[in-house]
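Visitor: If you want the building blocks of each chain, they are given just below.
2 protein chains.
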Amino acid sequence: MARVIVDVMLKPEILDPQGQAIARALPRLGFDGVGAVRQGKRFELELEGPADEAALAEVRKMAETLLANTVIEDYTVRVAE
Amino acid sequence: MARVIVDVMLKPEILDPQGQAIARALPRLGFDGVGAVRQGKRFELELEGPADEAALAEVRKMAETLLANTVIEDYTVRVAE
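Going down the list, the protein sequences come from chains W and V.
Counting along the first sequence from 1, when you hit position 8 you're at 8 in this note's numbering, and nothing is skipped either side.
Counting along the second sequence from 1, when you hit position 52 you're at 52 in this note's numbering, and nothing is skipped either side.
Only chain W is shown next, with the shape it has when bound in the complex (with noise of 0.2 Å):
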């Protein structure tokens, strides 16, 4: 059994209001010295099969149709430590 991550993140060029308000909130709580936040999504596959190259290109095919909106959205597939 595997367990394969899949980050989802807004693409560089769309605006991330969460991210901005998390930004701007800081300073307010005390915390100073960080520049920028971007917010995402994080998701863990158990694999019922080993994580072979495969069972990857069908997890890249998963976050393709349903985890990922490719349109707005890059994401990254890799096996968990």
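Fair warning: there could be bad hints in the mix.
[Stated by the list, open to error] Derived CB-CB ranges, DEER-like:
{"id": "1", "chain 1": "W", "residue 1": "Leu-66", "chain 2": "V", "residue 2": "Lys-11", "range": "18 to 28 Å"}
{"id": "2", "chain 1": "W", "residue 1": "Leu-29", "chain 2": "V", "residue 2": "Arg-24", "range": "36 to 46 Å"}
{"id": "3", "chain 1": "W", "residue 1": "Ala-2", "chain 2": "V", "residue 2": "Lys-11", "range": "18 to 28 Å"}
{"id": "4", "chain 1": "W", "residue 1": "Leu-29", "chain 2": "V", "residue 2": "Ile-72", "range": "12 to 22 Å"}
{"id": "5", "chain 1": "V", "residue 1": "Ala-57", "chain 2": "W", "residue 2": "Ala-54", "range": "17 to 27 Å"}
Keep in mind that the hints were calculated from the coordinates and are not lab data.
If you're wondering where the values come from, they're calculated on a predicted model, not measured in any experiment.
All C-beta atoms, glycine included, are put in the ideal place defined by N, C-alpha and C.
Following the hints, complete the assembly by docking chain V onto the known chain W.
Guide: Here is chain V on its own, set in the frame of chain W:
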């Protein structure tokens, strides 16, 4: 300038209906071989200075205060490669 990643996931004992909905949708969409899915949040913070131990301690405080609800969520802080 350094980039720090904060991953926030529901604690293992907390039910994750979003993840369950995804896990149930996958076979309907023709994807087999995934046993369980958990969904969480991923934050990318651009630090104005270096990601030294002091800066990472600050980021951990931000995660406790603002990014995670530590009653139901765990977080990890790491420097992006």
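Visitor: If a hint holds in the structure, say so; if it does not, say that too.
Guide: Results of checking the hints against the structure:
1. Restraint check, Leu-66 of chain W to Lys-11 of chain V: a C-beta distance of roughly 24 Å satisfies the suggested window 18 to 28 Å.
2. The hinted range of 36 to 46 Å is satisfied by Leu-29 of chain W and Arg-24 of chain V, whose Cβ atoms lie roughly 38 Å apart.
3. The hinted window of 18 to 28 Å between Ala-2 of chain W and Lys-11 of chain V holds, with their beta carbons roughly 22 Å apart.
4. Separated by about 20 Å at the C-beta atoms, Leu-29 of chain W and Ile-72 of chain V satisfy the suggested range of 12 to 22 Å.
5. In this structure the supplied range 17 to 27 Å is violated for Ala-57 of chain V paired with Ala-54 of chain W, their Cβ-Cβ distance being about 42 Å.
Hint compliance for this structure: hint 5 alone is broken.
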